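The residues making up each chain are set out below.
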Amino acid sequence: MSRLSGTGMTLAYDKRVIAEELSVEIPDGSFTVIIGPNACGKSTLLRALSRLLKPTAGTVLLDGADVHSLPTRTVAKTLGLLPQSSTAPDGITVAELVARGRYPHQGLLRRWSAQDELVVTESMAATGVGDLADRNVDELSGGQRQRVWIAMALAQQTPLLLLDEPTTFLDIAHQIEVLDLCAELHERQGRTLVAVLHDLNHAARYATHLIAMRGGRIVKAGRPGDVLTAALVEEVFGLPCRVIDDPETGTPLVVPAARRRAAEAAKAEV
Amino acid sequence: MMVLRSRAVVTGGVALLAMAAVAVLTLGTGEFPIAPADVVKTLVGQGNAAQSFIINELRLPRVITAILVGMALAAGGAVFQSITRNPLGSPDILGITSGAGTAALAVVIVGGSSTQLSLAAVAGGIAVALLIQLIGGRRGLQGYRFILIGVGMTAILNGIMGWLLTKGVQMENARAMLWLTGSFDGRGWEEALPLLGVLVVTIPILAVACGPGLRMLEMGDDIAAGLGVPVKRLRNGALLTASLVVACAAAAAGPVQFVALIAPNIARRLTRAPGPNLLPSMAIGALLTVGADWLAVHSGYPLPVGVVTGALGGGYLIWLLVSERKAGRI
Numbered sequence: 001m002s003r004l005s006g007t008g009m010t011l012a013y014d015k016r017v018i019a020e021e022l023s024v025e026i027p028d029g030s031f032t033v034i035i036g037p038n039a040c041g042k043s044t045l046l047r048a049l050s051r052l053l054k055p056t057a058g059t060v061l062l063d064g065a066d067v068h069s070l071p072t073r074t075v076a077k078t079l080g081l082l083p084q085s086s087t088a089p090d091g092i093t094v095a096e097l098v099a100r101g102r103y104p105h106q107g108l109l110r111r112w113s114a115q116d117e118l119v120v121t122e123s124m125a126a127t128g129v130g131d132l133a134d135r136n137v138d139e140l141s142g143g144q145r146q147r148v149w150i151a152m153a154l155a156q157q158t159p160l161l162l163l164d165e166p167t168t169f170l171d172i173a174h175q176i177e178v179l180d181l182c183a184e185l186h187e188r189q190g191r192t193l194v195a196v197l198h199d200l201n202h203a204a205r206y207a208t209h210l211i212a213m214r215g216g217r218i219v220k221a222g223r224p225g226d227v228l229t230a231a232l233v234e235e236v237f238g239l240p241c242r243v244i245d246d247p248e249t250g251t252p253l254v255v256p257a258a259r260r261r262a263a264e265a266a267k268a269e270v
Numbered sequence: 001m002m003v004l005r006s007r008a009v010v011t012g013g014v015a016l017l018a019m020a021a022v023a024v025l026t027l028g029t030g031e032f033p034i035a036p037a038d039v040v041k042t043l044v045g046q047g048n049a050a051q052s053f054i055i056n057e058l059r060l061p062r063v064i065t066a067i068l069v070g071m072a073l074a075a076g077g078a079v080f081q082s083i084t085r086n087p088l089g090s091p092d093i094l095g096i097t098s099g100a101g102t103a104a105l106a107v108v109i110v111g112g113s114s115t116q117l118s119l120a121a122v123a124g125g126i127a128v129a130l131l132i133q134l135i136g137g138r139r140g141l142q143g144y145r146f147i148l149i150g151v152g153m154t155a156i157l158n159g160i161m162g163w164l165l166t167k168g169v170q171m172e173n174a175r176a177m178l179w180l181t182g183s184f185d186g187r188g189w190e191e192a193l194p195l196l197g198v199l200v201v202t203i204p205i206l207a208v209a210c211g212p213g214l215r216m217l218e219m220g221d222d223i224a225a226g227l228g229v230p231v232k233r234l235r236n237g238a239l240l241t242a243s244l245v246v247a248c249a250a251a252a253a254g255p256v257q258f259v260a261l262i263a264p265n266i267a268r269r270l271t272r273a274p275g276p277n278l279l280p281s282m283a284i285g286a287l288l289t290v291g292a293d294w295l296a297v298h299s300g301y302p303l304p305v306g307v308v309t310g311a312l313g314g315g316y317l318i319w320l321l322v323s324e325r326k327a328g329r330i
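So the protein sequences, as listed, match chains A and B.
Take 1 as the starting number for the first sequence in full-length UniProt numbering and just add one per residue.
Take 1 as the starting number for the second sequence in full-length UniProt numbering and just add one per residue.
Please note that the accuracy of each hint is not assured.
Claimed, not checked - With a straight-line Cα cutoff of 27 Å, these simulated DSS-like cross-link-like pairs (lysine-lysine) come out: (1) A:Lys77 / A:Lys54; (2) A:Lys54 / B:Lys232; (3) A:Lys77 / B:Lys232; (4) A:Lys220 / A:Lys54.
What the hints assert, rightly or not - Pairwise CB distance ranges (calculated): (5) A:Ala114 / B:Phe53: 18 to 28 Å; (6) B:Ser6 / A:Ser113: 52 to 62 Å; (7) A:Asp63 / B:Leu240: 30 to 40 Å; (8) A:Asp90 / B:Gly111: 46 to 56 Å; (9) B:Val200 / A:Asp90: 25 to 35 Å; (10) A:Ser113 / B:Pro204: 52 to 62 Å.
Unchecked claim - Counterexamples of contact, computed for chain A against chain B with all Cβ distances above 12 Å: (11) Arg51; (12) Phe169; (13) Ala231.
No wet-lab data here; the hints were simulated from the structure.
These numbers come from a predicted model, not from an experiment.
Where is the CB? At the ideal position from N, CA and C, for every residue including glycine.
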């Protein structure tokens, strides 16, 4: 039994049902990546796992307890979340923003401590934003800003960390930078990471566990090498492609079929 | 971090000192002018009997009311602007003040007592807050949705107020209009003490219990929830508490315009700190109302304080819109 799982979930926004009878298990210590076409329910699944969305049926279990029956602070000490859109308040510095990750560890009586300070410094060092500590967050580049948000999530010191499309709006170099950082956190700090990613090749390269979704269902889950095949990409995304070995890592590399070749293949089938 | 905190302390301290200075000037002003030094002497109990009577009995209650009203409006405004994540999200614009005004007006028209008027004002403000939550609350209240609902409420309530005024007799209308403008004339301990009581209870709730969570909420609902903030409960609780504070201020002095809107904005600009800036805002709010009251008294014509804050606040709002536009934030 893994620490985080969902069983028989029906996920819906108001009346609009996104997924039914959805069950998922996040292997402990994994870097799990969820992939799938737009509107397949991958972000919705992540929202459900992070208890932002309450399933209309079924349960999300965190350490064996229904996540919605636990006090929010208790959950926040186990399960960290980096949503897609967050606003850095005007005029906040990097160190202050990262310090906000300590919120669940503080209470009415327990305020800022040396331990908090230490964790914030470590989180900034781990994400390489230590030098930016006194800078305003508004002045940073997109990649730097994303690293600051990740640092904030790290400061929360949760064994589980969920990231919703952490590479969106970043250029390719910054995407790799953020994913490398995630992989490092996963390997060195032993955290369980769950991320929604759009880029299949990034997913294949960084994930230890891959979940492919379509239409609110999990089509396949497992090791990237087993999950990411040409047949699966065709089934899930409707995209004809070839899957070859990534020359850098040996993980699957999806090469979409060229338009003319796809047309020829279609003709040959007729 | 320490830099920002000390800016907040300096801002609040300077505003409080300035406010105290203006208060001393105001206390010395009137049919029997008293020099500032004598005012201070009298306040600490060293004045003669006549001065003591004029200042402590006649003029002090009014100034204390002005201070408390300024603090209350600014505190409410700071919380509202933090919740709406919008510098325009103040209780005047969201209809809380209009709700208090409409209910109070109805009481004036039927010839109710001052106590009934105050209670009605509080009830009216709270009712609007509840109504806004009811209309907008299903998906959570945020940003522009919240503000647009409030603007709609204000428009409806202003219509009702206009209708009520056509129903009233002339003498009651004069009393009603004076109340609706906001004024400290004739305000005394019976207005100041209940408001003080409300502030003593609510400000610690807003500052200590809600403050940290509200700072998290400024980053977005999802991230706040991820950090363990009970988003809906906190927002509704803070909103109702802030509405109560604002409605009580309106009950004490009428809907004094714009203080709730501009005090937190000024505070934020001066402290440059994120978050509601509750305490610095309150200091600025008190400075604004006491200063506006001093201007009103010195205009040579008995202006109600609401006219002064309205004129100052309107000007500030235009300046804010223009400067934010230049900075590309609107």
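Query - Minimum Cβ-Cβ distance from Ala231 (chain A) to chain B exceeds 12 Å - result: 35 Å, holds
Query - Pair hint Lys77 (chain A) and Lys232 (chain B), alpha-carbon separation not exceeding 27 Å - result: Holds - the C-alpha atoms of Lys232 (chain B) and Lys77 (chain A) are around 19 Å apart, at most 27 Å.
Query raised in the report: Range hint 30 to 40 Å: satisfied by the CB atoms of Asp63 (chain A) and Leu240 (chain B)?
Result: 34 Å, holds
Query raised in the report: Regarding the pair Lys54 (chain A) and Lys232 (chain B), is the alpha-carbon distance no greater than 27 Å?
Result: Holds: Lys54 (chain A) and Lys232 (chain B) sit about 14 Å apart, inside 27 Å.
Query raised in the report: So the hint says 18 to 28 Å: do the beta-carbon atoms of Ala114 (chain A) and Phe53 (chain B) match that?
Result: Because 56 Å falls outside the window, the suggested range is violated.
Query raised in the report: Holds or violated: are the alpha carbons of Lys77 (chain A) and Lys54 (chain A) at most 27 Å from each other?
Result: Judged against 27 Å, a Cα distance of about 19 Å means the pair holds.
Report task. State, for the Cβ atoms of Ser6 (chain B) and Ser113 (chain A), whether the hinted interval 52 to 62 Å holds or is violated. Result -> This hint is violated: roughly 21 Å between Cβ atoms.
Query raised in the report: Do Ser113 (chain A) and Pro204 (chain B) keep their Cβ atoms within the hinted range of 52 to 62 Å?
Result: Once the Cβ atoms are compared, 22 Å apart, the range 52 to 62 Å for Pro204 (chain B) and Ser113 (chain A) is violated.
Report task. Hey, is Arg51 (chain A) genuinely clear of chain B, shortest beta carbon separation above 12 Å? Result -> 8 Å, violated
Report task. Take the C-beta atom of Asp90 (chain A) and the C-beta atom of Gly111 (chain B), compute their distance, and say whether it sits inside 46 to 56 Å. Result -> 49 Å, holds
Requested in this report: Grab the minimum beta-carbon distance between Phe169 (chain A) and chain B and tell me whether it stays above 12 Å.
Outcome: Per Cβ check, Phe169 (chain A) is outside 12 Å of chain B; nearest 15 Å; holds.
Query raised in the report: Between Lys220 (chain A) and Lys54 (chain A), is the straight-line Cα distance small enough, at 27 Å or below?
Result: 24 Å, holds
Of the numbered hints stated above, those contradicted by the structure are hints 5, 6, 10 and 11, listed in ascending order.
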